[in-house]
Amino acid sequence: MRPRPMLARSMGPRAMGTCPMPARSMGPRAMGTCPTLARSTRPRAMGTTPTLDRATRARPLLAALVALAAGAAACTSGDARGPAPAAPPAAQDDGAAGTPAAAAAMAGSGAVEAAPAGDPERGRRLVAEFQCNRCHDGTGLAPAPREAHCVACHQDIAAGRFQAPAAAMKRWNEHLVLLREVPSLEALGDRVRGGWIRGFLLDPRDIRPRLHATMPRLPLGPEQAADIAAYLTRDRRALPPVSLEGASAARGRALYEAKGCGTCHAFTGVAGVTAVAPVRPGEKETRAVGALAPDLRVARDRMEPESLVAWLLDPAAIKPGTPMPRLPMSPAEARDLAAFVLTAPLAPRVPERVPDRLPVLTRRVTYEEVDRRVFRVTCRHCHSEPDYALGDGGPGNTGGFGFKPRGLNLATYEGIAAGYIDDHGERRSVFAAGPGGRSRLVAALVARQAEEAGHPDPAVRGMPLGLPALGPEEIQLVESWIAQGRPQ
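Under full-length UniProt numbering, think of the first position of the sequence shown as 1, with each following residue one higher.
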């Protein structure tokens, strides 16, 4: 499981109790506290209001959820959260140079997987339905309203554009780590294979090691994923065919080192390449570049040779505004570098293990402690109080991002006790036993750990959606509280 960033230094100002915008969106609206900031900050009393004046607070807060896309819901799949996720397609083993992707790269521009036979017009409607523009630019839709965007507040704070007292801005910037960078979908078809997009939507994986948030598992079926992929690649330009025959992967590796590609990119599975350094909060100059840089291990599945060569020669000509720099190189050098990226032998992926489940605690665990350490920090992104958030309780409560309204409010003790609404309109408890005998709430938290380890459960959608999994101690805390009868 990937290291979980300290949520005390994570996403936004609300954990301080001073976020001025109570949000008409899905994001940090934790009763006046941003669940994305800090354990190191002093938690506010439940139900108290922010410290800024009411007029300031009445401005809508833009939400923060995932850096890659939007989406959330109640605690499990099925009747707790809409239809169960589709079983992911069989993953291609990219652990060796002799994969179909590598062979196709050397031979020329033949795609490893045929472009999805989707309907772009249906895909456009689905992109609107799933509200992809609340996280991503470049969707072809009108930009989401400021109050409904998922990361713009954090970007404004980081850039100094947010209207707030200087002391608050300074404090927030010291802690703001997550939900500041999101990949743009601009010119996606000129960069990424449609077949890969379809598979990624059905089975999201972590492809950006320094971007802690990941693409969430949305309630999509294969046909819907194909339609969205067809829409996102609808304007793909015809690039001149490129063959890597005669290109030198050895020269490409030397170029990889000389050009400093490892400054931003990981290339897992390739021995001896320069390792990327972690991006620290204050490194604003390189932050976006490093956070958005994908692991080059997946390049052979995502890109065709002509796309990669064109991208290496002039990234901005493909995607204006990209943080990818234009590095001086000749077409021959670009082919050599592409040969290295697309055909270098890869060691098999190191299997990740799901953390061991810890026994329930014998000491007393209260709601106040669980709320302070878990619900307030993470869960209220998507399961918040609608009355405070101008009617929008997040996709796990009032619905959105393709999820039905489930009425699960994790902002108050009473809200949690009220449970969620199933597909028949009946209230169900999140504490009732679900898959494996665990409560539905705990099952969703454990499922997120399994997703990060590469083992998604088709029956349970992991939570928190698209954000780092809770650690064993935090899940132990929740499970202990439930086992003790959920004391206040």
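Treat the hints with caution; some may be incorrect.
[Stated by the list, open to error] Each computed DMTMM-like pair below joins lysine to aspartate or glutamate, with the alpha-carbon atoms no more than 20 Å apart:
(1) K319 to E306
(2) K319 to D423
(3) K170 to E186
(4) K319 to E129
(5) K404 to D422
(6) K404 to D423
(7) K319 to D422
(8) K404 to E369
(9) K259 to E223
(10) K259 to D295
(11) K170 to D156
(12) K319 to E352
(13) K404 to E129
(14) K319 to E186
Calculated directly from the structure, the hints in this document are not laboratory data.
Practice problem: Would you list, in rising numerical order, the hints stated earlier that this structure does not obey? | Solution: The structure conflicts with hints 2, 3, 4, 7, 8, 9, 12, although it agrees with all the remaining ones.
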